[in-house]
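Residue numbers (the numbering used here), protein chains in the order written: chain A, 1 to 198; chain B, 199 to 396.
Calculated from the structure, these hints are not laboratory results. Careful: at least some of the hints might be erroneous.
To be clear about the criterion: a stretch of chain B counts as covered by chain A if any three or more of its residues have a C-beta under 8 angstroms from a C-beta of chain A, and this derived list gives those stretches [to be verified]:
1) 204 to 213
2) 239 to 246
Simulated crosslink set (DSSO-like; lysine-lysine; CA at most 27 angstroms straight-line) [as the list claims (entries may be wrong)]:
3) Lys337(B) - Lys176(A)
4) Lys72(A) - Lys176(A)
5) Lys374(B) - Lys139(A)
6) Lys270(B) - Lys237(B)
7) Lys374(B) - Lys270(B)
8) Lys374(B) - Lys346(B)
9) Lys72(A) - Lys337(B)
10) Lys176(A) - Lys148(A)
11) Lys176(A) - Lys270(B)
12) Lys39(A) - Lys72(A)
13) Lys237(B) - Lys337(B)
14) Lys72(A) - Lys139(A)
Cβ atoms here follow ideal geometry from the backbone N, Cα and C, with glycine treated the same way.
Protein chains: 2
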Amino acid sequence: MQTLTALVFDDFETLDLFGPIELFGSLPEYFHIQFASMKGGIIHNHHSVALQTIAVAELDQQTNILLVIGGKGTRLLINDSHFLQTLTMLSDNADWVLSVCTGSALLAKAGILDNKRATSNKRAWQWVTEQSTAVHWVKQARWVVDGKFYTSSGVTAGMDMALGFIADRHGRDSAKEVANYTEYRWQEDSHLDDFYNC
Amino acid sequence: MQTLTALVFDDFETLDLFGPIELFGSLPEYFHIQFASMKGGIIHNHHSVALQTIAVAELDQQTNILLVIGGKGTRLLINDSHFLQTLTMLSDNADWVLSVCTGSALLAKAGILDNKRATSNKRAWQWVTEQSTAVHWVKQARWVVDGKFYTSSGVTAGMDMALGFIADRHGRDSAKEVANYTEYRWQEDSHLDDFYNC
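So here's chain A without its partners, still in its complex pose (with noise of 0.2 angstroms):
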């Protein structure tokens, strides 16, 4: 059994958060799933959701897979240092650490990326690869695995990369069951990307 840890914050994109959890959510003999914070409590967000979170000091669960989400809250988060320095904690302790979306800014900016193949939403893309010249921005990526680290590009491409995960670690077969029972239609090619000039 393997726990992720979903890092949530206000103004979090909706399904950067959901869609992986979903999916990973859908396979409870292999994953169980935990909602952070910085403080812990409800987290609130754009579409009227209001999330009940653990604080991160309270964390009692070794975190195996940390998902880190986007969304306009990250546009705050970059100049927040403690939430920098603790993210960069939690993704050291991680075995993996995936990201969706305009995650990967956060990550760029804390510096866990430097030196790593990384991808982000394609709308965002400027601002994104402005927080760090150190990483090796791939552009046109559904995602993009180096290492530890999963990074996917805008909000749904965190579905193709949970799937991916999946099969990489479960197999395949693993994959499409849960593609198959949430009838979706996986985009198994990493490589392909329909929004790249969006």
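Keeping the supplied structure of chain A fixed, place chain B upon it in accordance with the hints.
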């Protein structure tokens, strides 16, 4: 501005809810979102999600669009007459009623879909269709429209349906813009169903 009320219950399916919420929430100029449950407070599901909701009796906005989701919790709710009465009241008062996955089983059991064409999750097809023989069930469909009712197939079919609803009300360009923003490969054809025989 249209108010979309999502009706939530314990053991709801995560992405049945948050897929459509992401897409409607991407057009805040058209849609205001609220999450309701029978008693209000925190609603939990099997993916560790704990979501704050408003009690149905305390909703202060008229519901224009009612979103009825599915999940394991529906297995209990089909025997809950108070829930089904409330669902009927909410449905009668809404301009549009949208269901995802086994949400249509709830509508069917309440008699709301009598003499209407409707679809549902293919994995739960037998159980869903047993809830009412007065519904004209359409098995091979991504989603089905009949009057004010939009019913979709399993989980991610709700996202294609949501974009279809947006296209029907606000034009295809609006739906395509939301799909591009979320980097979602929208399946526009409601008749195409990859999961009919899965």
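Here is how each hint holds up against the structure:
1. 204 to 213: holds (count 3)
2. 239 to 246: holds (count 4)
3. Lys337(B) - Lys176(A): holds, 21 angstroms
4. Lys72(A) - Lys176(A): Not OK: Lys72(A) and Lys176(A) at ~32 angstroms, beyond 27 angstroms, violated.
5. Lys374(B) - Lys139(A): Holds. Lys374(B) to Lys139(A) sits at ~21 angstroms (cutoff 27 angstroms).
6. Lys270(B) - Lys237(B): holds, 19 angstroms
7. Lys374(B) - Lys270(B): violated, 32 angstroms
8. Lys374(B) - Lys346(B): Between Lys374(B) and Lys346(B) the Cα gap is close to 22 angstroms, so the pair holds against 27 angstroms.
9. Lys72(A) - Lys337(B): violated, 39 angstroms
10. Lys176(A) - Lys148(A): holds, 22 angstroms
11. Lys176(A) - Lys270(B): Measuring from Cα to Cα gives roughly 21 angstroms; hence the hint holds.
12. Lys39(A) - Lys72(A): holds, 19 angstroms
13. Lys237(B) - Lys337(B): violated, 34 angstroms
14. Lys72(A) - Lys139(A): holds, 20 angstroms
When held up to the earlier numbered hints, the structure conflicts with 4, 7, 9, 13 and fits the remainder.
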